[in-house]
Amino acid sequence: NAGVTQTPKFQVLKTGQSMTLQCAQDMNHNSMYWYRQDPGMGLRLIYYSASEGTTDKGEVPNGYNVSRLNKREFSLRLESAAPSQTSVYFCASTSGSEVSYEQYFGPGTRLTVT
Amino acid sequence: EDQVTQSPEALRLQEGESSSLNCSYTVSGLRGLFWYRQDPGKGPEFLFTLYSAGEEKEKERLKATLTKKESFLHITAPKPEDSATYLCAVQDYSGGYQKVTFGTGTKLQVIP
Chain A
1 NAGVTQTPKF
11 QVLKTGQSMT
21 LQCAQDMNHN
31 SMYWYRQDPG
41 MGLRLIYYSA
51 SEGTTDKGEV
61 PNGYNVSRLN
71 KREFSLRLES
81 AAPSQTSVYF
91 CASTSGSEVS
101 YEQYFGPGTR
111 LTVT
Chain B
1 EDQVTQSPEA
11 LRLQEGESSS
21 LNCSYTVSGL
31 RGLFWYRQDP
41 GKGPEFLFTL
51 YSAGEEKEKE
61 RLKATLTKKE
71 SFLHITAPKP
81 EDSATYLCAV
91 QDYSGGYQKV
101 TFGTGTKLQV
111 IP
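Those protein sequences? They're chains A and B, same order as listed. Going by the working numbering, the first residue of the first sequence is number 1, and it counts up by one from there. Going by the working numbering, the first residue of the second sequence is number 1, and it counts up by one from there.
Chain A with its partners taken away, still in its complex shape (with noise of 0.2 angstroms):
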């Protein structure tokens, strides 16, 4: 069972270019997120998806684009890189329930845009 998986771990990017991070969850959650991480600042929601087929704009959406391709699998993708950008980026799933509301992150990826 290895839970939250994220690609990739580190990244290196330039002002302008795009790329997409890859999430997958193994654990059967509904709910899947998208969280940047910022020195002095607690976890910021960009993007969530409630259940397969819906995403909704989180905190911070602005430049990011994201996909629930299926219930395990929910990316997110800059377009056009900015140096604003630089942070570590989690992804985060939950059940849902009704019961339980916890989340479980992944590793993270370390991006730099220059």
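I should point out that these hints are in silico values taken from the structure, not numbers from a laboratory. None of these values were measured; they are calculated from a predicted model. From the three backbone atoms N, C-alpha and C, an ideal C-beta is built for every residue, glycine too. It is possible that part of the hints are untrue.
[Unchecked claim] List time: in silico DSS-like cross-link candidates among lysine-lysine, alpha-carbon distance up to 27 angstroms:
| # | chain 1 | residue 1 | chain 2 | residue 2 |
| --- | --- | --- | --- | --- |
| 1 | B | Lys57 | B | Lys79 |
| 2 | A | Lys57 | B | Lys99 |
| 3 | B | Lys69 | B | Lys57 |
| 4 | A | Lys57 | A | Lys71 |
| 5 | B | Lys69 | B | Lys107 |
| 6 | B | Lys107 | B | Lys63 |
| 7 | B | Lys42 | A | Lys14 |
| 8 | B | Lys69 | B | Lys99 |
| 9 | B | Lys99 | A | Lys71 |
| 10 | B | Lys59 | B | Lys107 |
| 11 | B | Lys57 | B | Lys42 |
| 12 | A | Lys9 | A | Lys57 |
| 13 | B | Lys107 | B | Lys79 |
| 14 | B | Lys57 | B | Lys68 |
| 15 | A | Lys9 | B | Lys107 |
| 16 | B | Lys69 | B | Lys59 |
| 17 | B | Lys42 | A | Lys57 |
| 18 | A | Lys9 | B | Lys42 |
| 19 | B | Lys99 | B | Lys68 |
| 20 | B | Lys99 | B | Lys42 |
| 21 | A | Lys71 | B | Lys42 |
[Stated by the list, open to error] Ranges of calculated distance between the beta carbons of each label pair, as one might list FRET restraints:
| # | chain 1 | residue 1 | chain 2 | residue 2 | range |
| --- | --- | --- | --- | --- | --- |
| 22 | A | Gly63 | B | Ser18 | 40 to 50 angstroms |
| 23 | B | Ala53 | A | Thr15 | 45 to 55 angstroms |
| 24 | B | Lys68 | A | Thr7 | 34 to 44 angstroms |
| 25 | B | Thr26 | A | Ser18 | 32 to 42 angstroms |
| 26 | A | Glu52 | B | Lys63 | 29 to 39 angstroms |
| 27 | A | Met41 | B | Pro112 | 30 to 40 angstroms |
| 28 | A | Asn70 | B | Glu17 | 41 to 51 angstroms |
| 29 | B | Gly29 | A | Asn70 | 28 to 38 angstroms |
| 30 | A | Lys9 | B | Pro80 | 21 to 31 angstroms |
| 31 | B | Glu55 | A | Glu59 | 23 to 33 angstroms |
| 32 | A | Thr20 | B | Glu60 | 31 to 41 angstroms |
| 33 | B | Ile111 | A | Gly16 | 43 to 53 angstroms |
Put chain B on the given structure of chain A with help from the hints.
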């Protein structure tokens, strides 16, 4: 707007020296308060969920408590392997279960 404030920002303890971390929160209606542990270079790891004032949960040397305005993470006789950043997060009713607000964390260092 939901707010979560954690204190202190950093804490240095001698091995065996017990202490507490604080999480103060403001939410319109608390659905749950979560504690996570984050090791350097890794994703947060879930520790506890607390749902109502007066609730307590324990795991090894950690004990989490909840009041209507704050939560404490008590660390009893810590060991060096307890060194990590501890994150607090709250979820409220108004935003639906997707809305979780995280604090900035307390970085704990336990010295042998």
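Checklist entry - Okay, which hints does this one fail, numbers in order? => result Nothing - there is no hint that the structure violates, so all of them hold.
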